[in-house]
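K.L.:
Model the full structure from these sequences, guided by the hints.
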Amino acid sequence: MSSIFVDTPSLVRDLLKAIETCPVDRPFLFIDLEGINLSRHGSISIMQILIPATGVVYLVDAVTLKTDAFDTASDSGLTLKKVLESETIPKVFFDVRNDSDALCSHFVISLQCVVDIQLLEFVTRPRQGRYLRSLSKCVEENAGLARTELRQWHSIKEAGKKLFAPEKGGSYEVFNARPLPATLVQYCIQDVLLMPKLLLKFSALLTDTKASKVAQETTRRIQESQSASYQSNGPHKAIGPQFQHMR
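Just so you know, we're using the UniProt record's numbering here: the sequence shown kicks off at 1 and counts up by one.
In case anyone wonders, no lab produced these hints; they're calculated from the structure. Don't be surprised by glycine CBs; every beta carbon is placed ideally from N, CA and C. It is possible that part of the hints are untrue.
[Stated by the list, open to error] For lysine-lysine, the following DSBU-like pairs were computed, each having C-alpha atoms within a straight-line distance of at most 35 Å:
#, residue 1, residue 2
1, Lys201, Lys162
2, Lys17, Lys66
3, Lys137, Lys213
4, Lys82, Lys161
5, Lys197, Lys237
6, Lys237, Lys66
7, Lys17, Lys81
8, Lys137, Lys201
9, Lys162, Lys137
10, Lys168, Lys157
[Claimed, not checked] Here are the computed distance ranges between Cβ atoms for each label pair:
#, residue 1, residue 2, range
11, Gly234, Arg125, 21 to 31 Å
12, Ser2, Lys168, 22 to 32 Å
13, Met1, Thr209, 29 to 39 Å
14, Pro181, Asp208, 40 to 50 Å
P.N.:
Okay, structure coming up:
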């Protein structure tokens, strides 16, 4: 899959044009963020946006662009802030909580119309259990990859982690390096690359009741992430919501 590094207002406008021309039957945007201590206590470095209709992952450089990343307008007046806050453009995240916290705290963006794949997986399991699953676990069990494809996905992710994970000798500051190392570009792509497959898999298992519960819990997650008492890290984040009597 190809990628475009968006680090000028002109390239932001190109991204907005791609969003504006999305086919109506494929409206989803698949989004992830990277940063240094991604939360209100840290910063946003990169926002990845996969537009499946174009086959392109856009890497929006929040370090270089700062507020221009979200306030630059297309000819029609659309901005990334308006896209993220739109109630009609569906945005797909995997565990939206810290992304929402960071966007709200640093750029005053209040996410709307969000689908959280982590919650979709949790609610559609045959046996729900207590704990949420990571993106890696969801990919392993639900993306339908061949062994060689899964090994390649893990290999790219591991190479990226060696650059930024302190426990592997890396530093999160590397996300602010420009040009962004090619290894990290590939890492960022992997985070959104398989989200469409996961969305299709879990959506096919949804009932109306489960879909409603996921929507309510996603809204609650976003509201919680914007509250003064929100804690961005801790073991509490691994525990799933308590959904009762769902069919």
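K.L.:
A separate judgement is required for each hint: does it hold in the structure or not?
P.N.:
For each hint, the structure was consulted:
1. Lys201 - Lys162: holds, 30 Å
2. Lys17 - Lys66: holds, 20 Å
3. Lys137 - Lys213: holds, 22 Å
4. Lys82 - Lys161: holds, 32 Å
5. Lys197 - Lys237: holds, 24 Å
6. Lys237 - Lys66: holds, 29 Å
7. Lys17 - Lys81: holds, 14 Å
8. Lys137 - Lys201: holds, 14 Å
9. Lys162 - Lys137: holds, 19 Å
10. Lys168 - Lys157: holds, 13 Å
11. Gly234 - Arg125: 21 to 31 Å: holds, 23 Å
12. Ser2 - Lys168: 22 to 32 Å: holds, 28 Å
13. Met1 - Thr209: 29 to 39 Å: holds, 35 Å
14. Pro181 - Asp208: 40 to 50 Å: holds, 45 Å
Of the hints listed earlier, there is not a single one the structure fails to meet.
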